[in-house]
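Here the sequence shown stands for residues 1 to 344, numbered as in full-length UniProt numbering.
These are computed hints drawn from the structure, not numbers from a lab. Some hints could be false.
As the list claims (entries may be wrong) - Mimicking DSS-like on lysine-lysine, the simulated pairs with C-alpha atoms at most 30 Å apart in a straight line are:
#: 1; residue 1: K143; residue 2: K215
#: 2; residue 1: K39; residue 2: K15
#: 3; residue 1: K153; residue 2: K39
#: 4; residue 1: K39; residue 2: K132
#: 5; residue 1: K132; residue 2: K143
Unchecked claim - Now the in silico label distances, taken between C-beta atoms and shown as ranges:
#: 6; residue 1: Y227; residue 2: E310; range: 37 to 47 Å
#: 7; residue 1: T52; residue 2: F281; range: 53 to 63 Å
#: 8; residue 1: A109; residue 2: A42; range: 35 to 45 Å
#: 9; residue 1: R340; residue 2: F186; range: 17 to 27 Å
#: 10; residue 1: F281; residue 2: S37; range: 25 to 35 Å
#: 11; residue 1: G154; residue 2: T16; range: 21 to 31 Å
Here the structure is a predicted model, which is why all the values come from computation and not from measurement. Every residue, glycine too, gets a C-beta built ideally from N, C-alpha and C.
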Amino acid sequence: MALRVGLVGYGLAGKTFHAPLFPAAEIELAAVASSDSAKVLADHPGVTVHPTPAALFADTSIDLVVLATPSPTHPALMLEALAAGKHVVSDKPFTPSVAEADQVIAAAAKAGRIATCFQNRRWDSDFLTLRKLIEAGELGEIKSYRAHFEFYKGEVADRWQERPAPGVGIHYDLGAHLIDQALQLFGLPDWVEGDLVIQRSGGAIADGFHTRMGKGALRIDLFGNYYAPDHSTRYAVHGTRGSYMKRFMDIQEDQLRGGMTPLDEGYGIEPQDRWARVTTFDGEQGSSRFEPSIPGAHQQFYALLRQAIENGGPPPVLAEEARDTIRIIEAIRESSEAGRRVTP
């Protein structure tokens, strides 16, 4: 019997970034909590549409709940889902605060259920390729890591993501992905410097950030903003033996927005003109090549989560890892307000 999932929320995230991944992970979308049943049923005629999250949590046929809801709602909904005996996935950010993350972790342990965070960018093509090179030692010891996640959204829109609330701001949004990737590669840093700014006219939430972190001699620089008409800069990573230089974001978001799914031929595969340039130096001479990109695979998050639920292993993203990302976000905010380095 397929794992049955209930999706809470059917806006952009639920419709575009979660639901299309389930079939490739052998997970059945069985129910959706939404106030717009016609929209849901137009895409998924066989599902049950519940009017509220509480009604979905009470559905005894559901094994796993996925929250594709506004960030401020994540802690309360995760606690409610766990109390109902469900495994639960929160879209990022996991929670607005470390204290709330601790509450969710404790509740999951008490319920004997998995609570995890949808850090799908671990399965981006460029990150998978970079991680392979680092783990193989091709770049040597990394000394400088610079990553960008930028778009152009010059006008402030009337939506919840633009209104001040817990867990809202570019550091919780794009920043959560950048931080999670850096922590996966290098672990928690020794110190954090953060700079948060409102750059757009009429803006009410942080929409630009630069975060610098240090771990020994390693320097990690993370950038995000909404004033990037040319948002092709992605990675500049330098080690004792080589460099990884990458332009353009992973292709999966554009493919999903265009209606492609992981079951379609070509999904997650970057064209050759998007491959990274890898330059290595053996101490005497250097060489440069374009590194074929490992295909992106956001669906792997759900495939690995299904295996964890069915076999009792750890989920693909530990709740403690998600909490560490929030710990860094809190340090960024503290540093930006105080104008100094802080220890996370």
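Hint by hint, here is what the structure shows:
Simply put, K143 and K215 have alpha-carbon atoms about 9 Å apart, close enough for the 30 Å limit, and the pair holds. A distance of roughly 10 Å separates the Cα atoms of K39 and K15; the hinted pair therefore holds under the 30 Å criterion. At most 30 Å may separate the alpha-carbon atoms for a hinted pair to count; K153 and K39 meet this at roughly 26 Å. Only pairs whose Cα atoms come within 30 Å are accepted, and K39 paired with K132 is rejected, the gap being roughly 41 Å.
Distance check on the hinted pair: K132 and K143 sit about 17 Å apart at the alpha-carbon level, within 30 Å; holds. Remark: the range hint 37 to 47 Å for Y227 to E310 is upheld by a beta-carbon distance near 45 Å. Roughly 59 Å separates the CB atoms of T52 and F281, a value that falls within the hinted 53 to 63 Å. Between A109 and A42 the beta carbon distance is about 39 Å. The supplied range of 35 to 45 Å therefore holds.
Between R340 and F186, the C-beta spacing of about 22 Å keeps the proposed range 17 to 27 Å intact. For F281 and S37, the hinted distance range of 25 to 35 Å is not satisfied, since their beta carbons lie about 60 Å from each other. The supplied range of 21 to 31 Å is met by G154 and T16, whose beta-carbon atoms lie about 22 Å from each other.
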